[in-house]
Each structure stands twice: as C-alpha cells, then as structure tokens.
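Residue numbers (my numbering), protein chains in the order written: chain A, 1 to 236; chain B, 1001 to 1205.
Bear in mind the hints are in silico, worked out from the structure with no lab data behind them. The structure displayed is predicted, hence computed values, not measured ones. Any given hint could turn out to be false.
Simulated restraints on C-beta separations [unchecked claim]: (1) A/Lys-130 to B/Pro-1197: 43 to 49 Å; (2) B/Asn-1187 to A/Gly-105: 46 to 52 Å; (3) B/Gly-1062 to A/Ala-210: 40 to 46 Å; (4) B/Lys-1134 to A/His-21: 24 to 30 Å; (5) A/Gly-152 to B/Asp-1159: 14 to 20 Å; (6) B/Gly-1154 to A/Arg-113: 54 to 60 Å; (7) B/Ala-1013 to A/Ser-151: 31 to 37 Å; (8) A/Gly-134 to B/Val-1006: 29 to 35 Å; (9) A/Ala-222 to B/Pro-1164: 43 to 49 Å; (10) A/Ala-206 to B/Pro-1197: 49 to 55 Å.
Below, a sample of chain B positions facing chain A; criterion: calculated Cβ distance under 8 Å [what the hints assert, rightly or not]: (11) Ala-1045; (12) Ala-1049; (13) Gly-1095; (14) Gly-1096; (15) Ser-1139; (16) Leu-1149.
Ideal Cβ placement from N, Cα and C applies to all residues, glycine included.
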Amino acid sequence: MTAYTIEIPGGAAESQRVRRHQTLTLRALGADPNVAMLIYALDDPTERLNVPDTLKAQMSARIKPPMTLMSDMGRALATVTDSSLDWHDAITGHSLPAQVEAKYGSSSYAADRNAWRRSARQGLLDELWKHDLGARDLHANINFFAKVAASGDERGTLTYVPGHAAERDFVTLRMEIDVLVVLSTAPHPLDPSEVWHPAGVLLEVAQASAPGPEDPARHWRAETSRSLELAERSYA
Amino acid sequence: MSDEFVLDDVVEAGDGWIGEIPAGTLLRITDLHGNQAVDTLLYDAHDYANRYSAMDTIREQGAVYLTTGSVLLTVNGDALATIVDDTCGRHDTLGGACSQESNVVRYGQHTRYQHSCRSTFVRKAKEWGRGLEKRDIASNINFFMNVPLTADGGLTFEDGVSAPGKYVELRAERDLLLLISNCPQLNNPCNGYDPTPIQLTGRRP
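The whole structure should be built from the sequences, with the hints applied where relevant.
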C-alpha cells in the first residue's frame, strides 16, 4: 500500500526519513535519469552507507537486487528488492558546482528562475544542512539509473553508458532500519549530453513487511544475509 | 643540491602513522616484504573537510586503478598529491578499509575481535586530536592492493601484484595530513595472509 508519492523534477534535491520495512521506489519520468543518493542511520547519522564495504562484501561493483546497502557498522540500511535494471553506479560520485557551470554554462535564479542549473553537490549539501549535517558527512554515493562500466583493461578505464535507463525504469529499496535518505536528481557527472535536461523521478514510499525466511537477500550471499541479521539484531 | 630527508619511518604490520607532509615533499611508501596493503587517507592539512575522495579521483581520471600520473583529488576537486613513480603498477581505491564490523559481515562473528584498519585509524585519529572524528574517515586508498574490477561489474580481492621492495611515490601538491593503517587483515589475500612492515620516506627535492 502506497503511503505517499512525491514527484521530484530533474536537477532538484530532496531528503526523506524512511522507516524500517517501508519501501522507497524511484520511477524514472524521462530518459537518462540519475539519482545520487546518500543514506544515514536515523538514530545516529555517523553511521552511514559505506560503498566500499557494500561492494567488496558482495563482490560486485554494481548495485543490483538482491544486494543490501551496508553501513560502516555492518548493518543493512536497505535491501535492493527489485529493479528493472541490473546495474546502478556507485563508483563515480556526483557533480560539483564548477563542473556543472563548465559543462552547461553559468546559471542563476535571477536569469533562469527555478530552472536554474545546480550541481548535485549543492543540492545534497543544502539538504544535509537541514538535518544539521555538512560537508564532512558526505560519503560515496550511489547513482541510481546510471551505468559506468570498466573496459577490463590494465588501467580499469571506465565508460558511461548513455541510454542505460529510460522512462518507467525503476528501483525499489526496502529499508532495514530507520534511515535518512538524501538525494539529488542532477545529471550524472559523466553524462555526455551537453544539454541540461535532467529527468525527474517519482518517489513512492509504501508499507512493506519484514524480510521472511525465503527473502532473496537471505539466499544470495552469506555476507548479504549477515548484514540483514546485524540490522535485525539492533531491533531485537 | 642534495635531497633533504624529512621522514624515514618503518611502520610495523598492524600499526599506523599520522602526521603532516609539507607541499612539495616526495613521499615514498615501500612495500618491504611484498603483498602488503597500505590503507591511506589524505587531508588538506589546513581544512580536514577538504579530504581525499576516491570517487572524485576515479571519475576525473576515468579509470579505477591508481598508478603513475594519477592525481589524488579532494571531495572539492582539489589536487592533494600526484603519483610520480610506481614500481608496483596499480593500486586500489574501491575496496575501502577493513573494520571489525565489516569483518563480521564478510567472514563471520568469529572475526569480530580481530585487529582491523579502522581500529588503527581510530587510534591514530584520537592520538592526533585536532577535531578529527569518525565522520572524517572516508573511503581510502589501498596501496599495493589488487582488487580487479571486471567488465561485467565483478569485484574481488586477489593476490597482490606487489613484491618485496616495490614502492609508490607521491608528490604532495599542498600541505597534507597523512593517515595510514598498515593493514592487519588475515582473512583474505590482500596481505598474502602475513602482514609485514612498510617504510615511509619523505624528502623535499
């Protein structure tokens, strides 16, 4: 059952508290969407998404179901329960103000009103500030809907894959603890398009149930299952 | 003009190092016995919030591994240091540091009380003081560690590509705070299952 839905335009930022065993679904409203996401434990924001721990424990450099998104304390913050895509980027960060200006030209509220171009960094920092968090609380983010693949050469050369995601692609996260989610819909920093037309997303929060014994996240990798158990232990 | 050495320390297995490195210093990290992961964090010495960012560094160089020519960037895109020499060939910055908590996830509860890199980071950060806190410990570099990223998005820790005496040399592009954990991990091949000492050498050309 959907608790609430928010339509977030492209190039905007948002923050939401999402409770344990609620799902958060992001649905693309256009081509080449990008959602840069940071996640913090609500009861102690110094506990936060740790991308290296998440990737190395599950031996994957891409985010896909049924991976858990792990905190630096080993707890599953969330499980990626479903997605139309099997690859979401987590290794190339988000756009900085100077990059957005260099790529798309300068922009201001005075000139462009609410269509002004703001970087992901600016949006994330603005939202973090509202929760008494700041630059030191930035962590490596996930870029939902983006694919940046390695070529497998000696240097690990990376290539952004345009057209990876389109309208109606989606990803669903089930929260395993109470979290603060901070996100930006600014374009991916490696998106080659020189035209600023970031796609918006529909954010849906719904009530879900606790992962049962047959939940795919318990039967994929032992590491994934252990991170769920650590999350559950903290509510025991 | 002869080089003036400002630093020459051996860091034992499972120990760490914290201190300032002046701009212009050539800092050499030597893997004395081979296959030793050196978990490394860098900060602008005058603004710890302007710290090393693995993801910004990876994106801007368009490649996953670090080697000669890699510019180590801050979260604001500023150059902290450049790798100017590298006899190992490639270094990881995706794998992060081991912690007691991530060891439990990866290897099970029996590893909860083993020594880990985060424990060394915590000890050294506390020793240093000056406002360095948990939230300042972000994603790090693992010098000499081999974490191949495959074209299909796989990521595994493999045997090191390093060997005794291999080194990497950085030129400090600004005044740095350097925080190192000489990795004590025993549960995967990152240290060849036998953590060993490293050497830090600093000189100002």
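Each hint tested on the structure:
1. A/Lys-130 to B/Pro-1197: 43 to 49 Å: holds (47 Å)
2. B/Asn-1187 to A/Gly-105: 46 to 52 Å: holds (51 Å)
3. B/Gly-1062 to A/Ala-210: 40 to 46 Å: Given range 40 to 46 Å: holds, Cβ gap about 42 Å.
4. B/Lys-1134 to A/His-21: 24 to 30 Å: Holds, since B/Lys-1134 and A/His-21 (Cβ atoms, about 27 Å apart) stay within the stated range.
5. A/Gly-152 to B/Asp-1159: 14 to 20 Å: holds (18 Å)
6. B/Gly-1154 to A/Arg-113: 54 to 60 Å: Violated, at about 46 Å.
7. B/Ala-1013 to A/Ser-151: 31 to 37 Å: holds (35 Å)
8. A/Gly-134 to B/Val-1006: 29 to 35 Å: With a Cβ separation near 33 Å, A/Gly-134 and B/Val-1006 satisfy 29 to 35 Å, so the hint holds.
9. A/Ala-222 to B/Pro-1164: 43 to 49 Å: With Cβ atoms ~34 Å apart, the hint is violated.
10. A/Ala-206 to B/Pro-1197: 49 to 55 Å: Given a distance of about 54 Å, which is inside 49 to 55 Å, the answer is holds.
11. Ala-1045: It is violated, given that the least Cβ distance between B/Ala-1045 and chain A is near 16 Å, above 8 Å.
12. Ala-1049: Check passed: Cβ of B/Ala-1049 comes within 5 Å of chain A, closer than 8 Å.
13. Gly-1095: The hint holds - B/Gly-1095 has a Cβ within 8 Å of chain A, the shortest such distance being about 5 Å.
14. Gly-1096: Holds, about 3 Å.
15. Ser-1139: holds (5 Å)
16. Leu-1149: holds (5 Å)
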